[in-house]
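Protein sequences, first through last, are from chains G, B, P and S.
The numbering of the first sequence is this note's numbering, which starts it at 1 and goes up by one.
The numbering of the second sequence is this note's numbering, which starts it at 1 and goes up by one.
The numbering of the third sequence is this note's numbering, which starts it at 1 and goes up by one.
The numbering of the fourth sequence is this note's numbering, which starts it at 1 and goes up by one.
Rather than coming from a laboratory, the hints here were simulated on the basis of the structure.
Idealized CB from N, CA, C, for every residue including glycine.
Any given hint could turn out to be false.
[To be verified] For the chain P half of the interface with chain B, some residues (derived, Cβ under 10 Å), not all of them:
no.	residue
1	H5
2	L9
3	D20
4	E31
5	Q32
6	S36
7	I39
8	H91
9	I93
10	S95
11	I96
12	D97
13	L99
14	E101
[What the hints assert, rightly or not] Across the chosen pairs, the derived CB separations fall in these ranges:
no.	chain 1	residue 1	chain 2	residue 2	range
15	B	E96	S	L326	28 to 36 Å
16	S	I89	B	R65	41 to 49 Å
17	S	V173	B	L56	39 to 47 Å
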Amino acid sequence: MKKLLFLGLLLELAACSRSSSHEKLLKSLQTVQSWTATAQMVGETWQQGAVPDAYAEQTLKKSQEEIARETKDLTEPSAQKTQQIQETIQKLIAAVKHRQKGTIAAPLQQLSTQHQQLNTLLKAQEKQP
Amino acid sequence: MDVIRDVLDNQIVDRNQRKMGKVDGIVIELRDGQPPRLAYLETGATTLAQRLHPRLARWVAAVERQWGAKNSEPYRIPWSKIRNIGIDVEVDVDAEQTSALAYEQWLREQVIKRIPGGS
Amino acid sequence: MAELHLELLLGKCVFDALGDRVGRIEEVRAEQQEDSWVILEYLIGVAAIVERLSAWNLGTSLLHFLGARKLNKSYRVPWNKLDLSNPDRPHLICSIDELKEISQQLEADES
Amino acid sequence: MKKLLEIALGIVTSIGGFLDVGAIATAAEAGSAFGFHLIWAIILGTICVICLVEMSGRLAAVSQHTLADAVRERFGFNFYILPLVAEIIVDFLILGAEIGGVCIALQLVTGISFQWWALPVAFAIWLLLWKGTFGLIENGISVLGLVTLVFVVATFKLHPALPDVAEGLLPIVPQQDTTHYLFIAVAILGALISPYLFYFYSSGAVEDKWDAGYLGVNRAVAGLGMGFGSIVSLGVLIVAAQVLQPRGIQVDSYEQAALMLTQPFGYWGFILFAASLGIACFGAALEVTLDTAYITAQAFGWNWGENLHPREAARFSFVYTVFVFLASLLMVVGIDPLQLTLFSMALTAVILPIAILPFLVLMNDRQYVGEHRNGWLSNSVVIFTIALSFVLAIVAIPLEILGG
Numbered sequence: 001m002k003k004l005l006f007l008g009l010l011l012e013l014a015a016c017s018r019s020s021s022h023e024k025l026l027k028s029l030q031t032v033q034s035w036t037a038t039a040q041m042v043g044e045t046w047q048q049g050a051v052p053d054a055y056a057e058q059t060l061k062k063s064q065e066e067i068a069r070e071t072k073d074l075t076e077p078s079a080q081k082t083q084q085i086q087e088t089i090q091k092l093i094a095a096v097k098h099r100q101k102g103t104i105a106a107p108l109q110q111l112s113t114q115h116q117q118l119n120t121l122l123k124a125q126e127k128q129p
Numbered sequence: 001m002d003v004i005r006d007v008l009d010n011q012i013v014d015r016n017q018r019k020m021g022k023v024d025g026i027v028i029e030l031r032d033g034q035p036p037r038l039a040y041l042e043t044g045a046t047t048l049a050q051r052l053h054p055r056l057a058r059w060v061a062a063v064e065r066q067w068g069a070k071n072s073e074p075y076r077i078p079w080s081k082i083r084n085i086g087i088d089v090e091v092d093v094d095a096e097q098t099s100a101l102a103y104e105q106w107l108r109e110q111v112i113k114r115i116p117g118g119s
Numbered sequence: 001m002a003e004l005h006l007e008l009l010l011g012k013c014v015f016d017a018l019g020d021r022v023g024r025i026e027e028v029r030a031e032q033q034e035d036s037w038v039i040l041e042y043l044i045g046v047a048a049i050v051e052r053l054s055a056w057n058l059g060t061s062l063l064h065f066l067g068a069r070k071l072n073k074s075y076r077v078p079w080n081k082l083d084l085s086n087p088d089r090p091h092l093i094c095s096i097d098e099l100k101e102i103s104q105q106l107e108a109d110e111s
Numbered sequence: 001m002k003k004l005l006e007i008a009l010g011i012v013t014s015i016g017g018f019l020d021v022g023a024i025a026t027a028a029e030a031g032s033a034f035g036f037h038l039i040w041a042i043i044l045g046t047i048c049v050i051c052l053v054e055m056s057g058r059l060a061a062v063s064q065h066t067l068a069d070a071v072r073e074r075f076g077f078n079f080y081i082l083p084l085v086a087e088i089i090v091d092f093l094i095l096g097a098e099i100g101g102v103c104i105a106l107q108l109v110t111g112i113s114f115q116w117w118a119l120p121v122a123f124a125i126w127l128l129l130w131k132g133t134f135g136l137i138e139n140g141i142s143v144l145g146l147v148t149l150v151f152v153v154a155t156f157k158l159h160p161a162l163p164d165v166a167e168g169l170l171p172i173v174p175q176q177d178t179t180h181y182l183f184i185a186v187a188i189l190g191a192l193i194s195p196y197l198f199y200f201y202s203s204g205a206v207e208d209k210w211d212a213g214y215l216g217v218n219r220a221v222a223g224l225g226m227g228f229g230s231i232v233s234l235g236v237l238i239v240a241a242q243v244l245q246p247r248g249i250q251v252d253s254y255e256q257a258a259l260m261l262t263q264p265f266g267y268w269g270f271i272l273f274a275a276s277l278g279i280a281c282f283g284a285a286l287e288v289t290l291d292t293a294y295i296t297a298q299a300f301g302w303n304w305g306e307n308l309h310p311r312e313a314a315r316f317s318f319v320y321t322v323f324v325f326l327a328s329l330l331m332v333v334g335i336d337p338l339q340l341t342l343f344s345m346a347l348t349a350v351i352l353p354i355a356i357l358p359f360l361v362l363m364n365d366r367q368y369v370g371e372h373r374n375g376w377l378s379n380s381v382v383i384f385t386i387a388l389s390f391v392l393a394i395v396a397i398p399l400e401i402l403g404g
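Kindly produce the complete structure, drawing on both the sequences and the hints.
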């Protein structure tokens with residue numbers, strides 16, 4: 001049993017030392033992508049009146065925080081993109097805060113475009129060896 | 001009868017079928033020229049701790065002397081008081097009158113009954 | 001009359017007269033004689049555990065699987081052949097050859 | 001007629017008992033990250049859990065022993081202390097996660113942070129145990145638990161592509177994110193095959209005074225009940241795969257999972273998700289709390305029983321009182337509920353061998369279960385699944401923790 005555990009641990013370390021900064025970058029980008037998608041869906045469902053206001057506000061803030069945390073590990077040009085996304089989410093938060101369903105459409109559209117750009121970036125990174 | 005399999009660690013119930021602990025220990029008497037006799041069942045924290053580690057037993061005993069309920073010595077039941085050994089070991093005593101339930105009684109009086117709905 | 005805690009004998013290694021290890025005490029057989037219960041024999045060795053769990057089918061196949069080909073180190077020791085004067089180091093007062101092996105007994109039971 | 005009613009009730013109970021924070025969280029995570037690819041893990045786990053639940057009911061009905069009693073008596077206390085301690089540690093983490101699930105559900109609806117809810121929720125659990133009877137807890141919570149069927153309804157509304165779903169039955173390891181895939185597979189198996197369920201079920205069978213006449217009821221309850229419970233889990237996975245995965249949302253926190261029912265049901269979908277999560281976790285929290293008190297009391301031969309008044313089983317009541325408040329502290333200090341859930345589910349897979357193997361030995365013991373011993377098929381299914389979960393666990397957990 002102990003031998004098996006030890007073996008597992010060794011494999012572990014080997015795997016970790018191999019994991020390059022490139023993989024870390026990919027992981028960060030994926031996380032940003034996932035939280036961007038979350039923010040977008042929260043915005044859309046809030047617009048349709050399908051989620052409570054408090055939840056929408058909290059979850060948008062959380063998306064923003066998570067993206068900010070990942071941004072620290074990113075380099076240009078990805079960092080710039082995630083910065084823009086955070087700013088857009090700030091607009092969504094403002095709309096939710098003031099309960100103005102009319103004003104959320106524009107930033108949502110903006111976020112959707114940025115999300116697609118992020119995806120293109122992610123795809124390009126994934127193709128790199 | 002296989003003493004370890006059928007008696008040790010089995011549930012002890014009193015004459016009213018109330019659960020009063022488990023068989024933590026079995027005391028035998030060695031006799032000259034005659035087979036050893038099964039003398040007592042024991043139930044109690046120190047007896048149990050002794051089986052895990054002697055140091056643990058000393059520690060448990062020290063804790064009990066310091067803070068324990070009164071009569072917290074392991075409780076002995078003479079073999080002759082055993083009525084039946086089946087799924088449970090049924091003994092001919094009244095659990096509430098013995099020190100086997102010292103902690104149960106202490107908790108009941110000092111803690112449980114003081115919580116609303118506990119009495 | 002000396003008192004002894006039976007549960008503390010469990011797992012104690014038994015030595016023969018020459019000081020060689022025989023095995024560990026795993027089970028104790030008792031019988032009612034008139035008013036009191038008395039110990040008849042002690043079971044020693046791996047097969048005694050398996051018997052205690054009375055899971056012969058699963059137990060033996062598992063042991064076989066793990067590579068144990070025979071369970072030949074398990075014995076029954078009559079009460080008068082085991083010296084318990086030092087409970088930490090119980091020893092036989094006879095040679096191993098005089099003891100019955102458990103595995104043979106069990107095969108006989110199975111058939 | 002009475003038996004039929006008991007079967008119906010038992011099935012309802014199992015749906016409630018089967019579905020807990022672990023089942024929901026792991027299925028949501030699996031579906032959002034890997035689509036239908038982990039369906040096989042749910043199916044495998046379900047088959048194993050059906051066998052094990054059936055066994056623990058059979059053991060209790062035939063021998064009148066709970067599982068904990070039987071292991072202690074047969075293997076001795078010196079052995080039993082190992083599974084006991086392992087189970088208490090895992091129960092502690094799981095209970096923290098279940099309380100977390102209820103708190104998150106309340107946070108979703110009210111907007112008040114989950115940390116504030118931990119102590120009130122713990123108090124509600126304790127109050128129900130203190131005042132309630134076994135029947136009330138079993139039946140009340142499980143009837144409410146039927147709300148989780150909303151995931152099955154959602155599945156039908158979303159029309160998943162059947163060939164894709166069927167493909168998920170085959171265990172194929174993806175090229176990308178292999179470690180995370182294995183970790184989630186382990187967490188699913190750990191969430192479904194939770195040892196507390198068997199200890200709890202056998203104690204419940206003894207509390208309900210089952211005898212050999214209940215073997216048929218037991219089989220029906222185990223098979224159908226766990227089967228239905230698993231269908232709900234599959235529902236969660238499929239809905240997550242249909243709604244969240246295409247958008248690229250990977251569930252890293254419960255707030256994200258909460259969105260999955262808004263697509264088929266709108267606002268009510270959101271509320272129903274919160275209700276399902278809250279009720280399933282509340283029911284499971286009751287079971288885990290009781291289970292810990294059961295196995296501790298049974299370890300030492302104390303008087304136990306949820307039907308007894310607290311003063312008749314003082315030490316038993318004391319254990320659950322202390323335990324539930326201690327576990328709620330995990331949430332008070334603000335540990336992330338979803339991460340705690342995934343971790344404790346994976347840890348469950350590690351303790352499975354020590355918790356389950358003695359049980360298997362007993363189920364082959366003629367003295368305990370007489371002619372109702374296990375057949376080779378259920379023995380093999382259980383041994384295979386336990387071994388697989390254990391090996392996957394010791395490989396995947398360190399990888400996941402170190403972040404590979």
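Taking the hints in turn, this is what the structure says about them:
1. Residue-level restraint check for P/H5 holds (minimum Cβ-Cβ distance to chain B is 5 Å; threshold 10 Å).
2. Using the Cβ-Cβ criterion of 10 Å, the hint placing P/L9 at the interface with chain B is satisfied: the shortest such distance is roughly 9 Å.
3. Residue-level restraint check for P/D20 is violated (minimum Cβ-Cβ distance to chain B is 24 Å; threshold 10 Å).
4. Hint status for P/E31 relative to chain B: holds, with the closest Cβ pair at about 7 Å, below 10 Å.
5. Against a cut-off of 10 Å between C-beta atoms, the interface hint on P/Q32 holds, since the closest Cβ of chain B lies about 8 Å away.
6. The beta carbon of P/S36 comes within 5 Å of a beta carbon in chain B, closer than 10 Å, and the hint placing it at the interface holds.
7. Using the Cβ-Cβ criterion of 10 Å, the hint placing P/I39 at the interface with chain B is satisfied: the shortest such distance is roughly 4 Å.
8. Interface restraint check: P/H91 against chain B, minimum CB-CB distance 15 Å, threshold 10 Å, status violated.
9. Given the 10 Å rule on beta carbons, the hint for P/I93 is violated: about 13 Å separates it from the nearest Cβ of chain B.
10. Look at P/S95: its Cβ only gets to about 21 Å from chain B, farther than 10 Å, so that hint breaks.
11. The criterion of a C-beta within 10 Å of any C-beta in chain B is not met by P/I96, whose closest approach is roughly 21 Å, and the hint is violated.
12. Interface restraint check: P/D97 against chain B, minimum CB-CB distance 23 Å, threshold 10 Å, status violated.
13. Interface restraint check: P/L99 against chain B, minimum CB-CB distance 17 Å, threshold 10 Å, status violated.
14. Evaluation of the P/E101 hint against chain B yields a violated restraint, the C-beta minimum of about 18 Å exceeding 10 Å.
15. For B/E96 paired with S/L326, a C-beta distance near 30 Å keeps the hint of 28 to 36 Å intact.
16. Distance hint check for S/I89 and B/R65: the Cβ-Cβ separation is about 30 Å, which falls outside the suggested range of 41 to 49 Å.
17. Between S/V173 and B/L56 the beta carbons are some 46 Å apart, a value that agrees with the proposed interval 39 to 47 Å.
The earlier numbered hints that this structure contradicts are 3, 8, 9, 10, 11, 12, 13, 14, 16.
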